[in-house]
Each structure stands twice: as structure tokens, then as C-alpha cells.
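If you want the building blocks of each chain, they are given just below.
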Amino acid sequence: MSHRQRMVGKIIKEGMFGPGEAVILLAISSISRLFLSYPGMLFEIGGPATWLTPLGGLVLALAAIFVLSLVLKKSPGSTIVEINEQAFGPYLGVAVNILAIVMVLELLGATYIREFSEAMLVTTLRFTPISVVDAAFLALGLLGAYLGIEALARTARLTYLYVLAALLFVILALIPFWNFHNLLPLLGKGPKEVFILGSLSTATLAELVIAGVIIQAMGGAEKLTRIGYRFIFMGFGLMMITLLDLVLTYNWTVSEEFTQPFLRLARTIYLGRFFQRLEAIFILVWVVVGALKIALLLYATAVSLARSLKLPDYRPLLWPLGLAMYILSLLPVDMVTTIRLDNYLRWLLFVPAYLLPLLILAALWLKGRGARAGN
Amino acid sequence: MINVKNLLKLITYQENSQREGFVLEETVHDHPKSAKGESSPGGEDSHGQREAQAEPAPQKKAPAVRRAFKKPIRPADKANHKQKKKENGAAGESQPAPTSSQTMGEPPISNLSVSASLAENRKIIKKLYGLPANKDIVVRDIVLGTSPAIDGFIVFIDGLVDKSIQNLLLQALMLFAVRPVPAERGQLATYVKEKMLPGNQVVLKSRFNDILNAVNYGDTALFLEGCAEAVLVETKGWEHRGVDLPTVEQVVRGPHEAFSETLRTNTALIRKIIKNENLTTELLTVGSRNRALVAIMYQRDLANPALVAEVKRRISSIKTDRIIDSGMLEEMIMDTPYNLTPTILATERPDRVASGIIDGRVAIIVDGSPYVLLVPATMYEMLHTGEELYSRWQLGTFIRLLRALAFNLSFLLPGLYLAVVLFHHEMIPTELLLAIAGNRERVPLPSLVEVLLMEISFELIREAGLRIPGAMGTTIGIVGALVLGQAAVQANIVSPVLVILVAVTGLAGFAIPYYSLAFSLRIYRFYYIILGATLGFFGIACGLFTQIVLTANLKSFGVPYLAPIGPRTVPGADVVTRLPLFFHEKRPDYLNPQDITSQPDIARGWLEPPAKDGGKDY
Numbered sequence: 001m002s003h004r005q006r007m008v009g010k011i012i013k014e015g016m017f018g019p020g021e022a023v024i025l026l027a028i029s030s031i032s033r034l035f036l037s038y039p040g041m042l043f044e045i046g047g048p049a050t051w052l053t054p055l056g057g058l059v060l061a062l063a064a065i066f067v068l069s070l071v072l073k074k075s076p077g078s079t080i081v082e083i084n085e086q087a088f089g090p091y092l093g094v095a096v097n098i099l100a101i102v103m104v105l106e107l108l109g110a111t112y113i114r115e116f117s118e119a120m121l122v123t124t125l126r127f128t129p130i131s132v133v134d135a136a137f138l139a140l141g142l143l144g145a146y147l148g149i150e151a152l153a154r155t156a157r158l159t160y161l162y163v164l165a166a167l168l169f170v171i172l173a174l175i176p177f178w179n180f181h182n183l184l185p186l187l188g189k190g191p192k193e194v195f196i197l198g199s200l201s202t203a204t205l206a207e208l209v210i211a212g213v214i215i216q217a218m219g220g221a222e223k224l225t226r227i228g229y230r231f232i233f234m235g236f237g238l239m240m241i242t243l244l245d246l247v248l249t250y251n252w253t254v255s256e257e258f259t260q261p262f263l264r265l266a267r268t269i270y271l272g273r274f275f276q277r278l279e280a281i282f283i284l285v286w287v288v289v290g291a292l293k294i295a296l297l298l299y300a301t302a303v304s305l306a307r308s309l310k311l312p313d314y315r316p317l318l319w320p321l322g323l324a325m326y327i328l329s330l331l332p333v334d335m336v337t338t339i340r341l342d343n344y345l346r347w348l349l350f351v352p353a354y355l356l357p358l359l360i361l362a363a364l365w366l367k368g369r370g371a372r373a374g375n
Numbered sequence: 376m377i378n379v380k381n382l383l384k385l386i387t388y389q390e391n392s393q394r395e396g397f398v399l400e401e402t403v404h405d406h407p408k409s410a411k412g413e414s415s416p417g418g419e420d421s422h423g424q425r426e427a428q429a430e431p432a433p434q435k436k437a438p439a440v441r442r443a444f445k446k447p448i449r450p451a452d453k454a455n456h457k458q459k460k461k462e463n464g465a466a467g468e469s470q471p472a473p474t475s476s477q478t479m480g481e482p483p484i485s486n487l488s489v490s491a492s493l494a495e496n497r498k499i500i501k502k503l504y505g506l507p508a509n510k511d512i513v514v515r516d517i518v519l520g521t522s523p524a525i526d527g528f529i530v531f532i533d534g535l536v537d538k539s540i541q542n543l544l545l546q547a548l549m550l551f552a553v554r555p556v557p558a559e560r561g562q563l564a565t566y567v568k569e570k571m572l573p574g575n576q577v578v579l580k581s582r583f584n585d586i587l588n589a590v591n592y593g594d595t596a597l598f599l600e601g602c603a604e605a606v607l608v609e610t611k612g613w614e615h616r617g618v619d620l621p622t623v624e625q626v627v628r629g630p631h632e633a634f635s636e637t638l639r640t641n642t643a644l645i646r647k648i649i650k651n652e653n654l655t656t657e658l659l660t661v662g663s664r665n666r667a668l669v670a671i672m673y674q675r676d677l678a679n680p681a682l683v684a685e686v687k688r689r690i691s692s693i694k695t696d697r698i699i700d701s702g703m704l705e706e707m708i709m710d711t712p713y714n715l716t717p718t719i720l721a722t723e724r725p726d727r728v729a730s731g732i733i734d735g736r737v738a739i740i741v742d743g744s745p746y747v748l749l750v751p752a753t754m755y756e757m758l759h760t761g762e763e764l765y766s767r768w769q770l771g772t773f774i775r776l777l778r779a780l781a782f783n784l785s786f787l788l789p790g791l792y793l794a795v796v797l798f799h800h801e802m803i804p805t806e807l808l809l810a811i812a813g814n815r816e817r818v819p820l821p822s823l824v825e826v827l828l829m830e831i832s833f834e835l836i837r838e839a840g841l842r843i844p845g846a847m848g849t850t851i852g853i854v855g856a857l858v859l860g861q862a863a864v865q866a867n868i869v870s871p872v873l874v875i876l877v878a879v880t881g882l883a884g885f886a887i888p889y890y891s892l893a894f895s896l897r898i899y900r901f902y903y904i905i906l907g908a909t910l911g912f913f914g915i916a917c918g919l920f921t922q923i924v925l926t927a928n929l930k931s932f933g934v935p936y937l938a939p940i941g942p943r944t945v946p947g948a949d950v951v952t953r954l955p956l957f958f959h960e961k962r963p964d965y966l967n968p969q970d971i972t973s974q975p976d977i978a979r980g981w982l983e984p985p986a987k988d989g990g991k992d993y
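From first to last, the protein sequence lines stand for chains A and B.
Residue numbers are given in the numbering used here: position 170 of the first sequence equals residue 170, and the series is strictly consecutive.
Residue numbers are given in the numbering used here: position 83 of the second sequence equals residue 458, and the series is strictly consecutive.
Just chain A, with the same shape it has in the complex (with noise of 0.2 Å):
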């Protein structure tokens, strides 16, 4: 690691939070695609068997964090930027920071902003202009990337209590919907449905790559296995419950024509005559999520874009950052091709999540034995 390239890392002032902060941070985070059309898809792939879906991306998840601690536990002090530009020099490692990790979280911040606001539009607003919550979103996620992630994951720290008490609410409220007819077949559409294609759509969490390029905030690599493995636990464990609530709430069939099936769950709540149709309370608890992931994949962003560029600090590029992906957002003819649009880049996160550490790797052990070959 060159001179500059230490004084960069630590130049950038990123704060420090606990493990505990980390994970519910990160947690937070990943169970945001819940609360949007994502639960949707799923169906169409697994079937009554959709809550069987995470399992195996639970499993993928948990190798990917250990192969992302063995990489980065190589340079310890730097993150997945320095790391990638260590493995494949200076020229190609930038560029692979940029097209691998900045544009692909770039990209996945304008999908997540549009689904969240249009999430909004088909809840409330139905007279506003995207254009108007969509910056509205993108304000919250400058305004958090710019406190920083300190301030974010004291944040989540604070909120984490109302989405979990939120998520119970809808889950035992429910209750009396529940029919366990709708579980069966138990295999849905199939294993290789269930367990290998569903495994790899709910395997693919930014979180990953996030956890990467945040990791000296979190306290460094030797951290990163505790921290990875009790999000993801925590993730997909809220992940499985949701579906399965939603399974049980409502045939599979039924549930894959929902645009928001965690708002037809919220919708369908009905306890007594004073308390139904309190849907409209989620939405407190579902923008501040969705103002959290924006923010954190602005910060991210912005910050593997800054270390790439060995930038002193990250602030300045959010304004642009956030401008091109208000822009982005913004280009989507309409909700559908969003909804396609974010299936692609899932499949594109493979790429920084699960590839790039095991290509890096692979670089480091290459140059490794190149140098002893030298010797």
C-alpha cells in the first residue's frame, strides 16, 4: 500500500459505531426490499414455498461474508476498494472499483429510490408528482450520507425497535387470517425452484458490498465475521417470517399479483370496527427505512468512489452522485420496467457481492506466488 493511498484512508473521517450499531445497521437495511415489490417476485419463483426461499441464500449470504473477512483480512486497515487496487493494480482496480462497486451501488440507490416513491404513490399520494418524493427521498439520503454513517447507524439504532415492533404488529395481528392449507405443496414449485433459483434472488444483498467499503467504521475485519453472520441471521430470519405470514394470510396465487404485498398485509388488519385499515401508520416506519437505505447506499457510494479516486473526502461528491441517481430514477418509463430493471441489477450484484472477492483472491494468491517464485 502506498503512502498517499494510507493518508487517504485516513483522511476520510467515517466516525466509529459498535458491532451492535453494525447489525442493525446493516439488518435494517436489508429488509427493506421487503417492504416493496420484491416479495412479489418471489412468488412467481417459489410458489407456497416462497418462505422456504431464503434458506439457501441465507447459506450463500454467510460464505460470501466469509470470503469478503478472508480478503479483507489480508490488508487490514484498508477496505474493498484498497484491496481490489492492491489485487489487480492501480489502473485496472480503479476501474473495477468504479464499474464493480460505485455504478452498481449507484444504480441500485435510483431503482431503490423510484420503487420507494413509487411505493408511496400507489400508497397515499396518488396525485403527487414522482418527481416531487422522489427528491424528497433523495434530500433524506443526502442529508444522512452527509452526517455520515456514525450518524446513520445511530439511526437505525434508534428506529430498529419501532420496524421490528411494527413487523410483530402486522404478523400477530394477523393471525386469524392464517389458513396453513396455503403451505402446501410444502416444496412449492419445485427444489431446484425453491432452493437454487430462489437462493440465488435473496442471496444477492447490497449489504455485502456495503459492508466492505464501510468496514473501518464498523471497527475493522476481525470484526466483520460477528457482525456479517448476526445481520444476515437477522435479515433473513425477518425475511422468512414476513413471507411465511404472507403465505399463510394468503394463497400464493393471490400473493403474486400484489404491487406491494407487505401493504396488503397492513391492509388486510382488521381488529374490530375502531381499528382497521391502519396501513397508512407502516408508513412512518416504511420511509424511514427506505430513507436509511438510500442514505446508506449514497454513502457507500460516495465514499468507495472518494477512496477510489484517493480523495480526501467523500462529501463533495454527493451532491453529484445524488443528482445522477435522482436523474437515474427518474428514467424508467413507468413502475413496471423499475421492477424489471432492479431484477437485472440483482443479478448484476453478484458481480461486487459474490465474484469480486473470490477473483481478488485469487489475484492476491496469483501475485503471492508469483513473488515467491521470484525469490
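One should not assume that every hint holds.
[What the hints assert, rightly or not] With a cut-off of at most 30 Å between alpha-carbon atoms, the simulated DSSO-like pairs for lysine-lysine come out as follows:
1. 611/B <-> 538/B
2. 223/A <-> 380/B
3. 310/A <-> 367/A
4. 310/A <-> 611/B
5. 310/A <-> 961/B
6. 384/B <-> 501/B
7. 380/B <-> 501/B
8. 930/B <-> 223/A
Since the hints were made in silico from the structure, they are not lab data.
Place chain B on chain A using the hints.
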């Protein structure tokens, strides 16, 4: 060219200077070092003075029509500032830094030493105090009844001194001092101090600066012929308000004493509770014109030394002409003055301050202010009153939970009402919806205007109720509110539901124990009204996220404002809920006190089984 330069400066990257300067570190052992590095009040003083010097002086230009906004200097900006100073030229650097009094245009004559000539001293005193125009300064010539008789004079300020003490002093000097004095006139002051004066605090000073400070604070100065020192006798005794009941922070159970305007009374009220030799009171002077005394009180063996050094550093670095109340000092020393949320706790209750000091906090008492500042403070402490500790834990916890509800209602309720009424009708059950709609039918105003009208009226009543002279103020406030509410409903200007809502919001606001926090929530309420009316629940959620992120980013003297929950530190037994007292084993972890243990695991010794020899003698 200048414009082009400014434009270039605007679009080029400037190093970020948003980071805070002081963070209360985790480990206690690292502190002495950092304290040395950070505190050194002298060094900081000179920096501050140099900065004041480096600031562009108005010089002899035509007076500016509009005063330009001057960005305050943050600790993080200091490096840049120094750099700028160097660029401005070394001329300013080479000159010695002027003292604060010099910069404020006071005569340097007060730096003179006392002369052996009585006439000379009288002349200087007259000049310094502007006599004879200055009517409440008394210079009285006396002759000491010693053998041989010695001429002298005393100086004091009429109204600040206790006449009975002074009579005693004059009697001692003029009537009872019938003993021979030493021939060596230089030692006369020491002789008078040791042998002739019965006053409880007598000191000798030779510089006019010290003498003036003492006389201005109610002491009497005695000058003697042939002696180059003045004898200062403590004769303080001005009119003041006594220790009274708390007016803002009232409790049902607990002490009913409140601070008053006298510094010494306030320090004594705290000492009365903490009878401990480690309780330390340090004095600083702030304000070049009013020279307000500021006392810092802390437990020497508990408070983090870095925290104490930081408090002293911040207070001693302040350059201003007046600090009249602790509110002014609070704004000068708080970490984030641009945020609406208060980050320093001001209280009028000595028991709360004492409790805070025993936790490891630092109390700041300003002479003339009945509110004592307590730092660092977290948001959760601002929702405590101290009374929860005095009542049983179940009652305390219930009150805390009620207060948490009040906290949320006080700024969210009107906004939520608007969001529901304007955007989410489906949430309201049909019967209620019909009732609200029936009431609203006759009201011609839009809901937003209706809410704003009522809220602003309520704020006006509250403010007017405070300002109306006499005890009728609160009565008129309540009557006004009732009459206004009733009349507004009858005139079909507002709906009755809204009157109930505004009343509940007002009650919730009053249930928040810390006035400053309740006030800021009153202002936040208007943001949420606008957000709820424009974007419904989405707007409220956006506001909440913004407020949470901004508040989570706040710090109070290096301690995160939302500790111990955001960030999570060791959870205490007294944060949101109030656990039984015997579980309060640790002091707040985020304060990093020198001793974290508050009490042993088994605080109730009587629960332990008695030993065979009959048990300990408690």
C-alpha cells in the same frame, strides 16, 4: 478579479470543517494527556485574543450600512484561521496580544500598583471611579487610633456592603486600636490585618486591578499612609432574594428549595447537599464589562478531568462585554448552537445539580442567575425531574412513560391530525369520520388554516399570560383560552375537535419538565403541521427521519446527545424507565467518570445473612 477569485473559491474543494473539536474519550487513563493538550486555558486565551486581533477591524472607513454576517470560529476552523492570519502579514503577530480590557477600551491605569503615598492613592482611586461624579462610591477618610495616629481612608460601594460589619470594622480601627504600631510603615498593612481587624476574610493586595475587583464585589478597601498595600475586608451584604420555592420545576415529593441570584448562596445550597471535601468550586470571570463570576463545581475524584478542562477552556475563551444570565453563557459554550434542540441542562433545583455532580457532571453557576447549567446533558435527562427518584420506582416509571407520550404528542399531534384528515381518511372509523366531517361542515376555513389559527392563538395566550403583570396572568391565560375556544367554535371558525386537539397538545407540552426542550418542541410542531398538510404521513415520516438523524448527530460536551441509546452504551437503570434504586449500581457510562461504581451489587446490606458473630455493626 475579486469576484472571479470568490467564484473559484466557491466551486473548488475546501477542507471540511464540520467535525466537532472535543469528544469525551472512552478511557479515563488517556485523559490527563489529552486534557493537557486541549485545555491549557492560557494558550487558548492567547489564541482567542490573537484571533480577535486578526479579525478585520472597522478602522476609519465610513460606517457600513448593513452589518455583514460574521461566521463564528469553530475549533476545527482554527487551523485555517491561523493560516489566513499568516497570509495577512506578520505585523499583527509581532505585537503583543492585548488584554480583554484593553480591547474593550478601558484605561490601563488599573494595572498600577498601590503607592506608599496616601494622597497619590486617593487620586488614583478618584480617577478610576470617576469621583466625585460617581455617587455610590464612598471614600471615607479615617484616622487610626493607634499611637502614633495613622491617616488612612476606606473605599466601598454604598449598597453592596453590610453596614453592621463595616461599623464593626471602623470601631476596631478608630476606637479600639489604641496600641503602638511598628515603626516600619511598610509592614503596617500586615500588622493591621493580623492584630487589629476582626473581619473574617481579610487579604492584602498591592495592585489596583485586584482592589477594584474586590470593591466592585462588595469588599471594603483600606489604604494607609506610608504603606504600599491595601487591606481588603470582606463586607459583602447587598439586598437579594432569599432561597425560595422553585417556580418552574415544581415537585410534589422532594426538596422545595430553588437557587437564587447570589452565587455564594447557590454554591452553598449545593454544598449543603454534598458534604464532601472532594467537591471543588473553581471561579472564573466572564464578560469584560460586567465581570460576571462563574463558578464551576464538580467532584474532583469523579468528574472526568478532560471534561473539567474542556468546560474551563470554553468558558475562559469567551470574549464578550456581558454575561448577565446563565442562558447567555449556555449559548456561548454549547456544541451546536444552530440546532434548535438544547444540549445543556439548566435547572433551578439544587438537588438535581447535586445528583448530577455525583454522577460525574460539571455544574456551571453564573452570578446573578437562578439557573445552574449542568453538562454534559442528554435528551433523556431533560425528560427527568428528579422526583422519579424520590417516589417509588413504579410511580417513577409510570410518570416517565407518560412523559414519553407527552413528548411525542407535543410536536406530532396537530401534524398527524392534518395528515389523517387531508390524506388518510380511510384510517378514521366511519362514525368518527362523520362526526369530524359534521363539525367541519360549517367551518369555512381549510384545515391547515384552522390548525394554524388555533395554534398561533394558543401561543399568543401563553405568551400574553406570562407577560401580564401580577398574579392574574395565568388566570387570564386560562380564561382567555376557554373563551377563545368556545367563541371560535360558536362562530364556526374552528371545529370543536380541533379545540380538543390543541388543548391536548398544549397539555402535552406542559408535561415536559425542561422548559427549553418544551419550547423547541413547540417550534418543531409548526414544521410538522406544514409537512402533514402538504405530504401527509409521508411528510411526517420525512420530518421524523430528518429530526432523528440531526438529533443523533448532536453532542453535548463531547457526549452523544442521545446516549445511552443512540449510540448504545452500557444501559443505565435510570434512562427511560426507572428501575428500583438498589439496581443503580453504575454511574452513566457515557460520562466516563473516574469511578463508575455508584453502589455495590448488594446495596441493601441488611439483606445479607448475618455473620455468626452477630453480624456487622452498621
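* Asked: Can you name, in rising order, the numbers of the hints this structure does not satisfy?
  -> Violated hints: 2, 4, 5, 6, 7; rest satisfied.
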